[in-house]
Every structure is written in structure tokens, then in C-alpha cells.
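Here's the letter readout for the chains.
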Amino acid sequence: MKERDEKTVLRLSIQVRVQHFLLMLSVTMLILTGLALMYSDSWLGKLMIFLEGGFETRGFLHRISAILLFLGVIYHWLYISLTREGHEEFLQILLRLQDFRDLGHAVLYDVGLRSQPPQFGRYGYREKFQYWAMGILILLMLFSGIILWYHNFFLGVLPKWAMDLTLVVHGSAGTILFLFLVLWHFYMVHWAPGKFPFSMTFWHGKITQEEWEREHPLECMQKKNENQ
Amino acid sequence: MKISKVWGVIFLIGGMVAVEAVPGFAQVDPLRRCLLCHGKAGFKEVLEGGKERPLYIDVEDFRGSAHGNMVCTICHTDVRTIPHLSRPRRIHCLQCHYEGNVVGAPVERKPEKYKESVHGKALEKGDPRAPDCRDCHTSHSVRQASDSASTVNKRHVPETCGRCHLSVFTAYSQSVHGTALSKGILESAACSDCHREHDLLPKDDPRSSLYPQNVANTCATCHQNETLMRKLGIPVKQVQAFKESFHGVAIEFGFLKVANCVSCHGYHDILPQSDIRSSIHPTNLAKTCGKCHPRVTAMVARGKIHVLPTEPSSGIVYWVSQFFKWFTILVLLGLFLHILLDLFGRFRAHRTT
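If you're matching them up, the sequences are chains C and Z in order.
Residue 77 in my numbering sits at position 77 of the first sequence, and the numbers go up by one each step.
Residue 1043 in my numbering sits at position 43 of the second sequence, and the numbers go up by one each step.
Read the hints as simulated data drawn from the structure, not as lab findings.
Check each hint, because a few of them may be wrong.
Claimed, not checked - Dumping the calculated BS3-like pairs for lysine-lysine here, alpha-carbon to alpha-carbon at most 30 Å:
id: 1; chain 1: C; residue 1: K128; chain 2: Z; residue 2: K1203
id: 2; chain 1: Z; residue 1: K1040; chain 2: Z; residue 2: K1125
id: 3; chain 1: C; residue 1: K160; chain 2: Z; residue 2: K1113
id: 4; chain 1: C; residue 1: K160; chain 2: Z; residue 2: K1287
id: 5; chain 1: Z; residue 1: K1231; chain 2: Z; residue 2: K1243
id: 6; chain 1: Z; residue 1: K1125; chain 2: Z; residue 2: K1183
id: 7; chain 1: C; residue 1: K206; chain 2: C; residue 2: K224
id: 8; chain 1: C; residue 1: K46; chain 2: Z; residue 2: K1287
id: 9; chain 1: Z; residue 1: K1257; chain 2: C; residue 2: K46
id: 10; chain 1: C; residue 1: K195; chain 2: C; residue 2: K160
id: 11; chain 1: Z; residue 1: K1040; chain 2: C; residue 2: K160
id: 12; chain 1: C; residue 1: K46; chain 2: Z; residue 2: K1125
id: 13; chain 1: Z; residue 1: K1231; chain 2: Z; residue 2: K1257
id: 14; chain 1: Z; residue 1: K1325; chain 2: Z; residue 2: K1243
id: 15; chain 1: Z; residue 1: K1203; chain 2: Z; residue 2: K1115
id: 16; chain 1: C; residue 1: K160; chain 2: Z; residue 2: K1325
id: 17; chain 1: Z; residue 1: K1203; chain 2: C; residue 2: K46
id: 18; chain 1: C; residue 1: K160; chain 2: Z; residue 2: K1115
id: 19; chain 1: C; residue 1: K46; chain 2: Z; residue 2: K1051
id: 20; chain 1: Z; residue 1: K1051; chain 2: Z; residue 2: K1113
id: 21; chain 1: Z; residue 1: K1291; chain 2: Z; residue 2: K1325
id: 22; chain 1: Z; residue 1: K1237; chain 2: C; residue 2: K46
id: 23; chain 1: Z; residue 1: K1121; chain 2: C; residue 2: K160
id: 24; chain 1: Z; residue 1: K1231; chain 2: Z; residue 2: K1125
id: 25; chain 1: Z; residue 1: K1287; chain 2: Z; residue 2: K1325
id: 26; chain 1: Z; residue 1: K1154; chain 2: C; residue 2: K160
Claimed, not checked - Far from chain C, by Cβ distances over 12 Å, these chain Z residues were calculated:
id: 27; residue: L1035
id: 28; residue: E1060
id: 29; residue: D1275
id: 30; residue: F1323
id: 31; residue: K1325
id: 32; residue: L1341
Think of the CB as a built atom: it goes at the ideal place given N, C-alpha and C, for glycine as much as any other residue.
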């Protein structure tokens, strides 16, 4: 247990937390209802469809969640383009060559070829890769999902093979998104040693001073310099 | 005056006299007594209103039938004398073909199935047009279905059913199945292959082979048979592709209004894709799909309909699917490796401090 009076830093603003909450809710629902349909020929898929209120309700929930995700994406887009905070956050999370160097550095450190781990700023390569992978995958899911939702319209516009392709992309990208979420995001923020079994940062937005200094030393240093 | 009836009576009396006159005649051929009259071509009864009812039995045809070694009175049990004292009663197959009969008539569960069928139900309701056993099997030339002369032999089934279902027979005769059957390709579907025979149920009965949820399986009995389809040069993955498609999954979960095989292909009048009249000819696809999807255009003909992303013949859909398959494996390996490396790194750091 962490000490109650331990010093904490606010890492996630209320804006970010609301967006994360929207994303968490919609993506979880989308994955549960999507996988149910994808594996509807197996007992697990059938069980999931049953738990989701039957075949028709499953589809309804999937579409409702998709609207929620869509709203989340719009919210995020407005946040980074219209607010100063969002704009600064976005600049921070843009990929730089240094991030790939950091990845190499981290691998070398993990196997013992470097004595010090890479030093991260506000966002390390792990968070950035996650953001961009999720971003691209979610856009892919939204575009393919809209085509599938409005298949009656798109059947008249797109050739049949493009419709089939859309379905393949929707299923495959969804699977990758799910894997990424579980094996990258969950591991990083919840299951890694020191954070296991669950981090509540997404709710209150705070991390401990110690964690901040350890995981984001460059940001920490920069803040201290600004304050002086 | 009904001349032929008079002649019939004269024949009957004459026949009886002849039989009585020659001792041992009856032992020569047990059928001959009956055939004295019923063996004469054109022997008939004229019914009220001038309708004729043939009473002639083609003895060669009868001898070749499943009952060919029996005498008439085995079934016509009420016929004792010539001339007949009373009008011989109608006989029924179930006189012998019942469970526990002593004459050794084969019994299958077919009569029970028949009673459940559309024909059996219609008969029960008293519909005079409803067919009984003999309407399909005939009365006097009953033969095993395997006998090519049988009315229920596969090559004759369409004609047999077509005696009542004439318009269906006409449509079927021009279909891919009908033309193939008439060419002697016995693997092709006749009526009974889809409708079944004795358990021919209405299509809104969930047990029916024609119930929307069962249609794909009915077609699958042949169209998923790899050796048969390869022999006939017909693609075999269509049923599987359907079952994995949106339509197939939805119908599995009880959405009966979605398309099944016959919604697009038709049923009695199924034609091959290459036929310009076919509902699945590329030029007709937009119209066919348009029955349910009103905005469909000719774009729907650009690509395969029964697509399995795992089949190389699916073209770009296959290649993109393969890309994603390997990409997913790569991502999975990468993510696991990353976790392992990270754990290993943390473990080393923990040990050194």
C-alpha cells in the first residue's frame, strides 16, 4: 500500500480523463460485441451473444458504442485543435526519431548491453506508439464500420470486392486493436511490476512524485527548471 | 346404353364359363382368370357422366413389378366370384404394409412420415386432389425406386410429381437440375432430393428441408460434397462461404427474412450463372440483390459473391486477409517479446540495486 500522504502529481487532466473514459467504455463494448459476432460459430461467441441480449441487441449495442467512440474521436479532435492544453499535449505526443532510438536503447538496456534505461519526457516511446497505433486502428475501424453500417448505400457505390475487403479490414484491425490493448496498454499501465494489479490513474489522474521522477525524468527536470 | 359395360359383362360370363369348363385351368396361371377380362386392352368402365375408367392390366408390366409374383386376390381380397357380386372395394397399401403383417410385406416408417406431410394432411382434410401412395407409386406397376422403370426412380420423379404440379415441372425441366437429369446425370437434384418424399413438409415447418434455416443444408447435401462437385466441375465452397457470410450468420440466429440460397438462385427454375436468363447472371445481379438492398447497382457484380477470405481465388480479399494474418502474428510476437524484455530488464535492475 502506498502511503496516504505521499506526494502526487496530476498527470491526466480532467479533459484527458473524460476522453479516456469515453474511449474505454466504447472500445470495451465494441470489442465485446464485435468478438461475439466474429466467433459466433463457437460456444464462446454464442454465450457472449446471449449475454449481450441476443443477436439483434448485440448489433444495437455495437452501433451505440460506435456512436460513442465517434463522439470521443470528435471530442479529441476538437480538444487538440481548439484548446491550448490539447494542442500542447498533441505536440508532446508527436513521434520523433528519438522515440525509435529510445526503443533500441530500452531493448539494449533490458538485455544488459546498456547500464542506464532511456530517459523519457512527458510521453515515452511506449505511450506514443500506443497512441498512434490506437489512433490509426480506431480510424480504420470507424471508416470500415461506417461502410458496413451503411452497406445498403455503399453496395451501390463500391464494387463487391471492396465491401468484402472492408469486412476483412474491420475484423482484422479489430483483432489487432484488441491484442494491442491487452498486451501493450494493460501491461504497461496496470500489470507491469510496480503497478500490478491495477492503476487508478485513469480515474483521479494522479501519479506519485516518485513515479513521475522515475518514469518521466526529462519532463520532471524541465518543470523544475521552469519553476526556478 | 353403355356398350362397353355390356361387353364387359359378356366377357366376364364367358370367361367364367371357360374356366369352369376346362379342369385344372386355374392352376396353369392364377392370374389368367382375372386377365380374361382385365388383360384385354381397352377393357374399361364407363362412369356416370361418360367418364371412362380403364380396368385393363398390362400383365407384363405387372409381372415386372414388386408384386409381380402375387395373384390379384392377395390385395383384392373381396373379389371372390366372376362376375363380381359387388363392386370391388378400393384397396389400400396399408392392408399389407403395416407393422406385424403376416404376409411379409416390407414395413418402413414411410406411412407415418406421409401422414405428417402436406399430401397426407390434405388427404386427411378430404382434399380429393391429395395424392395417396398409389398416385406416385402406381397401383399395378409398383417398383423399387432403384428400378429404372419405376415412377419413383430418380429419372421419372419429376414427371411423376409433374402429373399434378405441371407448372413446377415445366420450370424445373428448363432448370440446370432438370436439364442435367434429362441428360442422364443422375447426381442432379430431382424433386425429392430437396423436398424429400414421404416427409414432404410445408416450408414454414421448422422440420422442413425447405425451412429458411434448413435451405443451405438441403443444398449442401450435394453442393458440399467435394467428390461429387469436383466430378461435375461445380465450386464446392459456396455453402461454407454462405454460412460464414452476414446472411448465413443472421439466419443461423433466427433472422428468417435474410437471404438464403433460393432467395437469389431461385428454386425450381435455377439456372447456371452463365445463362443470361439466370438471376445470378452478372447483368441480373443488381436486380436480384435489389430485392432486399434497394440501392444496389451493377457494382455488386464486380467481385465474387461467395467469398472466403482464406481462399486464394478471392483475389485482393485473400491477399489483404493474408497480410493481416501475418501482421497479427508479428504484432503478437512483438508484444510478447516486448513484455518479456521489459520483465527481464526490470528483474536485472531489481537484482543489481
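Taking the hints in turn, this is what the structure says about them:
1. K128(C) - K1203(Z): Answer violated: K128(C) to K1203(Z) is near 58 Å, above 30 Å.
2. K1040(Z) - K1125(Z): Judged against 30 Å, a Cα distance of about 37 Å means the pair is violated.
3. K160(C) - K1113(Z): violated (44 Å)
4. K160(C) - K1287(Z): Distance ~15 Å between K160(C) and K1287(Z) Cα, so the pair holds.
5. K1231(Z) - K1243(Z): Distance of about 23 Å is within 30 Å: holds.
6. K1125(Z) - K1183(Z): Roughly 39 Å separates the two Cα atoms, so the pair is violated.
7. K206(C) - K224(C): holds (18 Å)
8. K46(C) - K1287(Z): Measuring from Cα to Cα gives roughly 34 Å; hence the hint is violated.
9. K1257(Z) - K46(C): Answer holds: K1257(Z) to K46(C) is near 21 Å, not above 30 Å.
10. K195(C) - K160(C): violated (48 Å)
11. K1040(Z) - K160(C): violated (67 Å)
12. K46(C) - K1125(Z): violated (42 Å)
13. K1231(Z) - K1257(Z): Measuring from Cα to Cα gives roughly 34 Å; hence the hint is violated.
14. K1325(Z) - K1243(Z): holds (21 Å)
15. K1203(Z) - K1115(Z): holds (16 Å)
16. K160(C) - K1325(Z): holds (22 Å)
17. K1203(Z) - K46(C): holds (27 Å)
18. K160(C) - K1115(Z): With a Cα-Cα distance of about 46 Å, the restraint between K160(C) and K1115(Z) is violated, given a limit of 30 Å.
19. K46(C) - K1051(Z): Violated. K46(C) to K1051(Z) sits at ~63 Å, over the 30 Å cutoff.
20. K1051(Z) - K1113(Z): violated (34 Å)
21. K1291(Z) - K1325(Z): violated (35 Å)
22. K1237(Z) - K46(C): Satisfied, since the Cα-Cα distance of roughly 24 Å is no more than 30 Å.
23. K1121(Z) - K160(C): violated (45 Å)
24. K1231(Z) - K1125(Z): violated (45 Å)
25. K1287(Z) - K1325(Z): Violated - the C-alpha atoms of K1325(Z) and K1287(Z) are around 35 Å apart, more than 30 Å.
26. K1154(Z) - K160(C): violated (39 Å)
27. L1035: Answer for L1035(Z): holds, closest chain C Cβ roughly 63 Å.
28. E1060: Given a closest Cβ separation of 57 Å, the condition holds.
29. D1275: Its Cβ never comes within 12 Å of chain C, the nearest being 20 Å, so this holds.
30. F1323: violated (8 Å)
31. K1325: Violated: least Cβ distance 8 Å, not greater than 12 Å.
32. L1341: Violated: least Cβ distance 4 Å, not greater than 12 Å.
When each numbered hint is compared with the structure, violations occur for hints 1, 2, 3, 6, 8, 10, 11, 12, 13, 18, 19, 20, 21, 23, 24, 25, 26, 30, 31 and 32.
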